[in-house]
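Colleague: Here is how the chains run, residue by residue.
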Amino acid sequence: MITRDDVLHIANLAKIQLSDEEVEKFKDEFQSILDYFDILDEVEEEIEPTFTVIQLRNVFREDAPGECLSREEAMMNAKHVENGYFKGPKVVE
Amino acid sequence: MIGVAEWKERVESEKCYDLVSEMLERIERSRLNAYITVIENEALRKAEEYDKGELKGKLAGIPVAIKDNITTKGIRTTCASRILHDYVPPFDAHVVERLKAEGAIIIGKTNMDEFAMGTTTETSFFGVVRNPYDEDRVAGGSSGGSGAVVAGEEAVMSLGSDTGGSIRCPASFCGVYGLKPTYGLVSRYGLIPYANSLEQIGPMASSVEDLALLLEVIAGKDARDSTNAGRSFEFKGQTEKKFKIGVVKEMGGNDEVMGRFSEVLEMLNGLTDGEVVEVSMPSFRYALAAYYVIAMSEASSNLARYDGVRYGLASELDSWSRYFSKVRAEGFGEEVKRRIMLGSYALSAGYYGKYYLKALKVRTLVRRDFQKAFSQVDVLISPTMPSLPFRIGELADPLTMYKADVNTVAINLAGIPALSMPAGFVKGLPVGLQIMGDYFSENTILNFALMLEKRFSETGLIED
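Heads up: the sequence lines are chains A and F, in that order. In terms of numbering that gives the first Met the number 0, the first sequence opens at residue 0 and continues consecutively. In terms of numbering that gives the first Met the number 0, the second sequence opens at residue 0 and continues consecutively.
The hints are simulated quantities; they were obtained by calculation from the structure and are not laboratory data. Note that CB positions come from ideal geometry on N, CA and C, so glycine has one too. Treat the hints loosely; a few may be bogus.
Ranges between beta-carbon positions, derived for each pair [claimed, not checked]:
#	chain 1	residue 1	chain 2	residue 2	range
1	A	GLU72	F	GLU39	38 to 46 Å
2	F	LYS7	A	MET74	24 to 32 Å
3	A	VAL91	F	GLU134	50 to 58 Å
4	F	ASN253	A	SER69	37 to 45 Å
5	A	PRO48	F	GLY52	30 to 38 Å
6	A	PHE85	F	GLN375	41 to 49 Å
7	A	PHE59	F	GLY352	28 to 36 Å
8	F	ARG44	A	ILE38	36 to 44 Å
9	A	ASN76	F	GLU21	45 to 53 Å
10	F	SER374	A	LYS78	50 to 58 Å
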């Protein structure tokens with residue numbers, strides 16, 4: 000059973016703040032979706048998983064410098080900028 | 000609909016500038032809500048260039064629309080999300096570079112489900128796209144805008160992206176052609192990721208010929224996508240070919256859709272240049288669940304980048320945990336939150352083996368089923384969607400919406416190519432036929448579609 004606490008735990012993992020109504024709504028929805036996913040329990044354990052569908056090998060290139068974004072271009076969408084750097088939230092309270 | 004051939008004929012006698020102006024006026028008046036951003040001035044400037052003979056290439060002077068999860072330099076690219084509502088990319092996606100190099104006129108960025116998560120374009124922050132055949136119904140999703148613009152003559156062709164049916168569903172619901180290429184044929188560089196291991200950019204158009212032309216332009220080698228197969232695509236007509244056709248037993252639909260599909264089958268059975276057999280794919284029982292587990296898991300990881308620091312919606316800076324949680328709560332819509340959270344859950348300690356790893360095992364089974372089928376047949380067919388276009392608001396429950404993807408998701412799990420083509424109408428609404436092929440057999444499925452397109456028009460079978 001998915002509980003309110005489960006939803007809050009998942010929301011914290013995903014870093015998404017939820018309102019009380021959202022917690023209630025997601026609790027019921029998650030339950031019915033996860034119940035549907037239980038069909039996967041029937042799949043045999045011995046089968047090899049497929050991580051990638053086309054069989055690519057590592058492709059190497061010369062380690063040569065090339066064009067890249069300018070600092071201005073890289074920063075043009077940031078809202079909090081200081082001295083040409085991205086400014087992030089406090090990591091230590 | 001206006002195809003490339005008709006457009007080219009018209010620009011011979013009329014000015015490209017006038018035709019593009021006329022199209023922009025039609026977009027302005029339109030009630031479909033198919034565009035998020037219309038690139039009016041630049042489109043007219045390009046049209047002028049064409050009229051002066053300065054625009055060259057395979058798509059010279061052709062208006063092409065681009066789904067708004069494909070990065071366009073200097074043009075707002077939103078993914079139909081509030082969190083990217085003002086994001087202006089500093090670079091072009093590979094496919095956009097290719098369009099520009101071939102002289103295409105990029106006319107606008109099309110509406111879609113938020114981050115391509117949806118089957119109806121109802122999850123868009125910018126509102127639902129309306130179906131060109133019935134404005135009370137959806138155009139399909141997630142590339143709903145890209146389907147509607149082709150049907151509504153608001154572009155000649157468009158690009159969509161397909162993670163679990165997002166090109167084929169709107170192609171089916173809007174009565175147009177749409178192709179999801181083999182995984183790796185088209186570079187994903189500049190496609191804002193949702194589920195990397197499943198998605199491909201692909202063409203949408205009003206005929207098989209135009210679909211093939213646009214695929215030729217966008218396919219090809221690109222070192223910036225590490226999963227790019229390094230192959231190009233050239234369309235080769237195979238007029239004399241006899242096709243061995245498999246009908247997938249496990250892919251069906253409701254009575255309205257199956258009625259139409261049976262008529263198509265009857266026609267195929269009458270063909271002297273084809274043979275129809277039934278094929279069974281037992282792994283499909285698990286495909287939908289496996290698809291959603293993988294897509295949500297990859298989404299939870301991909302969308303971790305939206306932190307309100309480098310781009311997108313921001314807020315007052317606070318402690319990191321509160322700041323991220325607040326920006327993401329305000330920026331993401333409900334379906335995106337749902338998928339990120341379920342993905343986080345599926346990948347969390349204790350559940351990885353139960354959900355994610357099991358889903359990857361299903362992927363092996365689905366691949367095997369397709370490989371076995373393609374050792375016996377050239378193409379597989381099914382209805383694209385199990386029902387006619389939904390009424391707006393009809394799919395209120397998420398799980399019901401997910402189940403609408405039942406015929407399309409297995410293709411992405413395996414990475415094979417598939418297209419949807421118009422197969423007539425029921426109650427005035429379009430029905431799509433899905434055609435699947437083996438890896439890199441785009442030529443085979445396009446030739447089969449070309450043969451059917453001719454038969455349909457000869458027999459009048461697809462008229463409304």
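Colleague: All the hints need checking, so say for each whether the structure fits it.
Modeller: Okay, the hints, checked on the actual structure:
1. For A/GLU72 paired with F/GLU39, a C-beta distance near 24 Å fails the hint of 38 to 46 Å.
2. For F/LYS7 and A/MET74, the Cβ-Cβ distance of about 43 Å falls outside the hinted range of 24 to 32 Å, so the restraint is violated.
3. The beta-carbon spacing between A/VAL91 and F/GLU134, approximately 54 Å, falls within the hinted interval of 50 to 58 Å.
4. The hinted window of 37 to 45 Å between F/ASN253 and A/SER69 is violated, with their beta carbons roughly 55 Å apart.
5. Restraint check, A/PRO48 to F/GLY52: a C-beta distance of roughly 55 Å breaks the suggested window 30 to 38 Å.
6. For A/PHE85 paired with F/GLN375, a C-beta distance near 56 Å fails the hint of 41 to 49 Å.
7. Roughly 34 Å separates the CB atoms of A/PHE59 and F/GLY352, a value that falls within the hinted 28 to 36 Å.
8. For F/ARG44 and A/ILE38, the hinted distance range of 36 to 44 Å is not satisfied, since their beta carbons lie about 54 Å from each other.
9. Roughly 35 Å separates the CB atoms of A/ASN76 and F/GLU21, a value that falls outside the hinted 45 to 53 Å.
10. Hint check: F/SER374 to A/LYS78, Cβ distance near 55 Å, so the stated range 50 to 58 Å holds.
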